[in-house]
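Protein chains in written order, with the numbering used here: chain V, 3 to 121; chain R, 3 to 121.
Hints listed in this document are in silico derivations from the structure and should not be mistaken for laboratory results.
Keep in mind that a hint or two might mislead.
Pairs involving identical chains hold if they fit within one copy or between any two copies, as the list cannot separate such chains.
[Claimed, not checked] Lysine-lysine pairs mimicking DSS-like chemistry, simulated, CA-CA at most 25 Å apart: (1) K38 with K5; (2) K110 with K5; (3) K110 with K57; (4) K38 with K110; (5) K5 with K101; (6) K5 with K63; (7) K57 with K5; (8) K38 with K63; (9) K59 with K38; (10) K38 with K101; (11) K57 with K38.
2 protein chains.
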Amino acid sequence: MEKINVYEKLGTFNDFWSPKIIGEMNESYVKLVKLKGEFVWHLHENEDEMFMVIKGKMVIKLRTEDIVLNQGELFIIPRGVEHMPVAEDEVHVMLIEPKTTLNTGNIKNERTVENLEII
Amino acid sequence: MEKINVYEKLGTFNDFWSPKIIGEMNESYVKLVKLKGEFVWHLHENEDEMFMVIKGKMVIKLRTEDIVLNQGELFIIPRGVEHMPVAEDEVHVMLIEPKTTLNTGNIKNERTVENLEII
Chain V
3 MEKINVYEKL
13 GTFNDFWSPK
23 IIGEMNESYV
33 KLVKLKGEFV
43 WHLHENEDEM
53 FMVIKGKMVI
63 KLRTEDIVLN
73 QGELFIIPRG
83 VEHMPVAEDE
93 VHVMLIEPKT
103 TLNTGNIKNE
113 RTVENLEII
Chain R
3 MEKINVYEKL
13 GTFNDFWSPK
23 IIGEMNESYV
33 KLVKLKGEFV
43 WHLHENEDEM
53 FMVIKGKMVI
63 KLRTEDIVLN
73 QGELFIIPRG
83 VEHMPVAEDE
93 VHVMLIEPKT
103 TLNTGNIKNE
113 RTVENLEII
């Protein structure tokens with residue numbers, strides 16, 4: 003059994019908005035993703051989603067407010083809540099969410115990633 | 003809806019081996035715990051358990067090997083695998099595990115914490 007070094011794993015890829023799987027537990031995946039720019043408004047009907055900032059700063063826009071996340075801060079987006087991640091500068095994020103979770107949620111477009119890479 | 007600052011939350015308690023709940027998602031809790039010394043050998047029959055070191059260093063002893071975790075490293079203990087957390091010096095850890103998870107797993111003794119505080 004192997005431990006996972008989050009910083010080492012983040013050093014293995016450079017693409018944005020494409021979550022990578024680093025572990026699994028209890029029908030959820032632990033993922034890493036690098037974000038820069040704006041994503042799309044979407045929601046996950048049946049999945050709560052945890053964002054934790056490992057490096058940098060991001061905003062999770064909700065329809066009612068903006069959640070600003072710095073390194074060491076996390077936010078759990080409850081199922082059904084529309085959101086859009088935004089990062090002015092590059093940010094590195096750990097995600098924990100059920101295996102069934104699609105990055106664009108209820109939307110399918112050119113930013114949808116169907117088959118996540120395991121790193 | 004509130005974001006959670008892990009460092010701020012860690013500043014609100016000082017007791018060891020008593021996990022605090024900081025969030026919930028998908029029938030799991032996100033917890034913080036401070037560890038120092040040795041725990042007890044135990045296992046969780048139906049729950050995988052994620053340890054991520056936020057500050058310091060710890061060892062998760064397995065019957066087959068020792069997993070050494072430094073800051074930024076995580077380890078998922080699969081259900082059914084006997085383990086004992088050990089920390090020579092104080093270490094701060096984030097745990098993610100199903101709500102049903104008892105800190106001492108299949109063992110009940112004076113170190114069992116039945117009603118976790120929400121911070």
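Comparing the hints with the structure gives:
1. K38 with K5: Answer is between; shortest inter-copy Cα gap is 20 Å, intra-copy 28 Å.
2. K110 with K5: neither (34 Å within a copy, 28 Å between copies)
3. K110 with K57: Classified as neither: same-chain Cα gap 28 Å, cross-chain 39 Å, threshold 25 Å.
4. K38 with K110: Within. Shortest intra-copy distance 20 Å satisfies the 25 Å Cα cut-off; inter-copy 47 Å does not.
5. K5 with K101: Close inside one copy (20 Å) and across copies (23 Å); limit 25 Å.
6. K5 with K63: between (33 Å within a copy, 12 Å between copies)
7. K57 with K5: Both ways: K57 and K5 sit 20 Å apart in one copy and 16 Å across, limit 25 Å.
8. K38 with K63: within (14 Å within a copy, 39 Å between copies)
9. K59 with K38: Cα proximity of K59 and K38: one copy only (10 Å, versus 32 Å across).
10. K38 with K101: within (24 Å within a copy, 34 Å between copies)
11. K57 with K38: Result: close within a single copy only, 12 Å intra versus 27 Å inter.
Violation of the numbered hints given earlier is confined to hints 2, 3; the remaining hints are satisfied by the structure.
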